[in-house]
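S.K.: Sequence:
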Amino acid sequence: MDDLAPIGRSLLVVGLVLAGIGLLLMTGTGLPLGRLPGDIRFQRDGVTVFIPLGTMLVVSVVLSLLLWVFGRGQ
39 MDDLAPIGRS LLVVGLVLAG IGLLLMTGTG LPLGRLPGDI RFQRDGVTVF
89 IPLGTMLVVS VVLSLLLWVF GRGQ
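The opening position of the sequence shown corresponds to residue 39 in our numbering, with each subsequent residue numbered one higher.
By construction, these hints were calculated from the structure, which means they are not laboratory data.
Each residue gets a CB set at the ideal place from its N, CA and C atoms; glycine is no exception.
Certain hints may be false.
What the hints assert, rightly or not - Quick list of simulated restraints, FRET-style, between CB atoms:
(1) Ser98 <-> Pro44: 20 to 28 Å
(2) Asp41 <-> Thr67: 18 to 26 Å
(3) Leu95 <-> Leu54: 22 to 30 Å
(4) Leu63 <-> Asp41: 29 to 37 Å
(5) Ile45 <-> Arg79: 15 to 23 Å
(6) Phe80 <-> Leu101: 21 to 29 Å
(7) Met64 <-> Val99: 43 to 51 Å
(8) Ile45 <-> Thr67: 34 to 42 Å
(9) Leu56 <-> Leu95: 21 to 29 Å
(10) Thr65 <-> Ser102: 36 to 44 Å
(11) Arg47 <-> Leu69: 44 to 52 Å
(12) Leu42 <-> Gly76: 15 to 23 Å
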C-alpha cells in the first residue's frame with residue numbers, strides 16, 4: 039500500500055494546479071497574457087500569425103519557480 043503514496047501525492051498536486059489554473063481562467067480576465075511586450079502578431083490579407091514569445095517566457099519562469107519550490111522537499 040505504501041507504493042501508491044507517491045502516486046496519490048502526484049495526483050493531489052496535479053489536481054491543485056488544475057484548480058488554480060481554473061480559478062485564474064475564471065477570474066483572471068484582466069491578466070495581460072497574450073498582449074505582453076515581446077508577443078509578435080502579424081495581420082495581412084485575412085491571415086493572422088501570433089507568436090507569444092513574451093507570454094511563453096513569463097509562463098516558463100513561473101512554472102520553473104513553482105517546480106523548484108515544490109521539488110525542494112524531495
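S.K.: Given a hinted range of 18 to 26 Å, is it respected by the beta-carbon distance of Asp41 and Thr67?
M.R.: violated (43 Å)
S.K.: Quick check: does the Cβ-Cβ distance between Phe80 and Leu101 fall within 21 to 29 Å?
M.R.: holds (27 Å)
S.K.: For the range 20 to 28 Å, tell me whether the beta carbons of Ser98 and Pro44 fit it or not.
M.R.: At roughly 26 Å between Cβ atoms, Pro44 and Ser98 fall inside 20 to 28 Å, so the hint holds.
S.K.: If you check the beta carbons of Leu56 and Leu95, does the distance land in 21 to 29 Å?
M.R.: holds (23 Å)
S.K.: Does 34 to 42 Å hold as the CB distance between Ile45 and Thr67, or does it fail?
M.R.: holds (35 Å)
S.K.: Range hint 36 to 44 Å: satisfied by the CB atoms of Thr65 and Ser102?
M.R.: violated (24 Å)
S.K.: Given the range 22 to 30 Å, decide if the beta-carbon distance of Leu95 to Leu54 lies inside it.
M.R.: Given a distance of about 24 Å, which is inside 22 to 30 Å, the answer is holds.
S.K.: Within 43 to 51 Å or not, the Cβ separation of Met64 and Val99?
M.R.: violated (23 Å)
S.K.: Assuming the hint says 44 to 52 Å, is it satisfied by the Cβ distance from Arg47 to Leu69 or not?
M.R.: violated (29 Å)
S.K.: Confirm or reject the claim that Ile45 and Arg79 have a C-beta distance inside 15 to 23 Å.
M.R.: For Ile45 and Arg79 the Cβ distance comes to about 42 Å; the hint is violated.
S.K.: Could you check the hint for me, namely that Leu63 and Asp41 are 29 to 37 Å apart, CB to CB?
M.R.: holds (35 Å)
S.K.: Mind checking the hinted window 15 to 23 Å against the Cβ distance between Leu42 and Gly76?
M.R.: violated (43 Å)
When the structure is compared with the earlier hints, violations turn up for hints 2, 5, 7, 10, 11 and 12 and for no others.
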